[in-house]
Amino acid sequence: MELSLDDMDALLPQLRSGDADSFRQLVARYHGALVGVARTFLRDGEAEEAVQEAWVSAYRHIARFEGRSSLRTWLTRIVINEAKMRLRRNGREILLNVATVETEPLADRFDAGGHWAQGPQQWDSQSPEALLEERDLLDCLRRTLAKLPTNQRAVLELRDFQGEELDAICNMLEISASNVRVLLHRARTQLFSVVDHYQETGEC
Amino acid sequence: MLSCKQVVDRADHLLAGEMPWRQRAGVFFHLVICVHCRRYLRQLRVLLAALPHLRPRATEAQVDAVMARLHQPDAADSSAADAPREP
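Those protein sequences? They're chains B and S, same order as listed.
For the record, in the first sequence the residue sitting at position 81 is 81 according to our numbering, with numbers rising by one throughout.
For the record, in the second sequence the residue sitting at position 51 is 1051 according to our numbering, with numbers rising by one throughout.
Because the hints were derived from the structure by calculation, they are not lab data.
Predicted, not measured: the structure shown is a model, and the values here were computed from it.
Glycine included, every Cβ here is placed at the ideal spot set by N, Cα and C.
Worth double-checking, as some hints may not be accurate.
One-sided excerpt, in silico: chain B residues whose CB lies under 10 Å from chain S [stated by the list, open to error]:
| id | residue |
| --- | --- |
| 1 | Ala20 |
| 2 | Arg24 |
| 3 | Val27 |
| 4 | Val51 |
| 5 | Ala107 |
| 6 | Trp116 |
| 7 | Ser125 |
| 8 | Leu145 |
| 9 | Leu166 |
| 10 | Cys204 |
Please model the complete structure; the sequences and the hints are all you need to start from.
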């Protein structure tokens, strides 16, 4: 299982010299993840197009990339800039700050004293690999992700799919660190409660 | 003594390794006696490690489309998404 998303930085010398094979490897490695980021803000077809446009921009500028962030972070910033530009061009706006009215996904699992009234299930899948074998659960998680509010999904994509640091996420989304933390917590607990429910009932 | 809800609320902080030692000690003290919170943290780690793998890798056709786009003469001329400033 590949767990590192930063292993492509070793290709930087070849990428800076314009080596097409290395760039192809870079695209193969990150394109799917970057489309995932773009889909947070844009519809499917437009997301794919935005990421293609971002690759063109990256290709044109990679010789000047100094490596002060990882390549992944740099590419993610380009994709988010492209997505924001498209939203602005179409007069659409996304509100990324926290809405205070939402209830916490696990709130009803605690008693008045803040102790578990109903603790988490013992999951059958006790490793990431085992969890990824559960096809129905994965479909369920994908559907849940698609239904998350844009702000929660954006933070989750950047933190847990892309592995970005919290500071970088604040900069990319232009929201405060406390908002990032709240959104991440809500998104994670929502996914946790979905898996927990699936483990208990076998249903999404 | 922290409540279970407080431990769950602080789990992201704990997993990010950002928690000051005094708070971390409070969480660990709670974990020693609370099977539910131990389970929550263990399973949350499993879920978070699995998440990046939910995203399908690009197909050959997608990669081909990008590579073809790079060499179109007007590529990116209209794009405002130039390379961002590095931090």
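Status of the hint placing Val27(B) at chain S (closest C-beta pair under 10 Å): holds, 5 Å
Close enough to count: is the Cβ of Leu145(B) nearer than 10 Å to one in chain S? Leu145(B) check passes; min Cβ-Cβ to chain S is 8 Å, inside 10 Å.
Can the hint on Cys204(B) be confirmed by a CB-to-CB distance to chain S that is less than 10 Å? Since chain S brings no Cβ nearer than about 14 Å to Cys204(B), farther than 10 Å, the hint is violated.
Should the hint that Ala20(B) touches chain S count as held when the rule is a Cβ pair under 10 Å? This interface hint holds because 7 Å falls under the 10 Å limit.
Status of the Leu166(B) interface restraint (C-beta, 10 Å, chain S): Cβ of Leu166(B) sits 7 Å from chain S, so the hint holds.
Measuring from the C-beta of Arg24(B) to each C-beta in chain S, is the shortest one below 10 Å? Hint on Arg24(B): holds, closest Cβ of chain S at ~6 Å, below 10 Å.
Should the hint that Trp116(B) touches chain S count as held when the rule is a Cβ pair under 10 Å? holds, 4 Å
Evaluation of the interface hint that places Val51(B) against chain S, nearest CB under 10 Å: holds, 8 Å
Does the CB of Ala107(B) sit less than 10 Å away from some CB of chain S? holds, 8 Å
Under 10 Å, Cβ to Cβ, is where Ser125(B) needs to be relative to chain S, so tell me if that hint holds or is violated. Result: holds, 7 Å to nearest chain S Cβ.
The structure fails to meet hint 10 from the earlier list, while all remaining hints are met.
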